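Student: Heads up: the sequence lines are chains A and B, in that order. If you read the first sequence in the working numbering, its first letter stands for residue 1, the second for the next number, and so on. If you read the second sequence in the working numbering, its first letter stands for residue 1001, the second for the next number, and so on.
The set of hints was computed from the structure by calculation and includes no laboratory data. Being a predicted model, the structure only gives us computed values, none of them experimental.
20 angstroms max Cα-Cα, derived SDA-like pairs, lysine to any residue: (1) B:Lys-1029 to B:Thr-1078; (2) B:Lys-1107 to A:Asp-102; (3) A:Lys-40 to A:Phe-19; (4) A:Lys-113 to B:Asp-1009; (5) B:Lys-1114 to A:Ala-101; (6) A:Lys-105 to A:Gly-5; (7) B:Lys-1099 to A:Asp-102; (8) A:Lys-94 to B:Gly-1120; (9) B:Lys-1113 to A:Asn-111; (10) A:Lys-114 to B:Ala-1101; (11) A:Lys-114 to B:Lys-1105.
Listed here are the chains, written in short residue letters.
Number of protein chains: 2
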Amino acid sequence: MNELGKILDIETAPNLKRFKKGEFIQQPKQLKANAIYIKKGLTRSYIIDSTGKEHIYMFASEGWITGDIEAVEFNEPTTLYIDCLENSEVIVLKKDYPKEADLSKDKLLQNMKKMSRNLGKMQRRILMLIGSPAVDRYNYFLETYPELPNRVPQKMIASYLGIMPQTLSTIRSKIAKGK
Amino acid sequence: MNELGKILDIETAPNLKRFKKGEFIQQPKQLKANAIYIKKGLTRSYIIDSTGKEHIYMFASEGWITGDIEAVEFNEPTTLYIDCLENSEVIVLKKDYPKEADLSKDKLLQNMKKMSRNLGKMQRRILMLIGSPAVDRYNYFLETYPELPNRVPQKMIASYLGIMPQTLSTIRSKIAKGK
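Using the sequences and the accompanying hints, generate a full structural model.
Tutor: Encoded structure:
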């Protein structure tokens, strides 16, 4: 259990669910959305655009929280597909989890800190998408998800980065030669 | 003063600063970064990519918080330019503001709610950047910043959307004709 699990007293959350590799935790247009804490396994969330192309929004492995935050927070129908890339155990968080769990002030502050860091990471992701070359995006991917390159197919990494799989393989061989 | 100002008891924060239109609140490579609450006025944050092109990250008007969250949270040098599009009054928030201000548990929960909503908005921005046509991006811009189209030049809006100014003007005339 990682830092966030401890902060949120997540072991006391009752809603453990198991999903097999390939199963969906969420699909678009569902009316109810929840944040999902990954206890074990690996999930992917993505959208399909109007031309039918898939774009990966994020990966989440042990200790991460994933979910359709916009749908959760604004009571809107979901837009994301979330499926499992490995057999996974997840804890479904109730919408007002931190409030209901009656966390201490100290844990609330720790959780806010964690949320600020997430905001910082999302800022970086946006800046990467609007103004960074592919090689920088890939390096930041490695920083964010150090354990994923061996767990996720290359074409999914390319989709997350918003680049062509060929571009990614060029980058990887340049990095390999440079070392 | 908007909702967030009230939640954070921002009036008790002492660090009010005034900036004129065109002045910089922050530039890249500064070693110290702070979150900035906009009391009055309008700011823009942006990066300049390796080809010299400007990309707007966000606008912030009355009641918003802006800043280089990644730099603040990870103690890294700043990457964003933040300047004023109008004469502005801002409150510089200390890094551990919510903690130091000794906010009540209730206000902490309200602030977390606000942060979750920001995470939701950033999610939407990312999904827009990776998989939405320009017209959807513009409509979402109008939703997010209903009062800005008359306060911000078109070319800046195009830069925020990641599209060419010509594309934006085509979209705007289509919308105008449709009405």
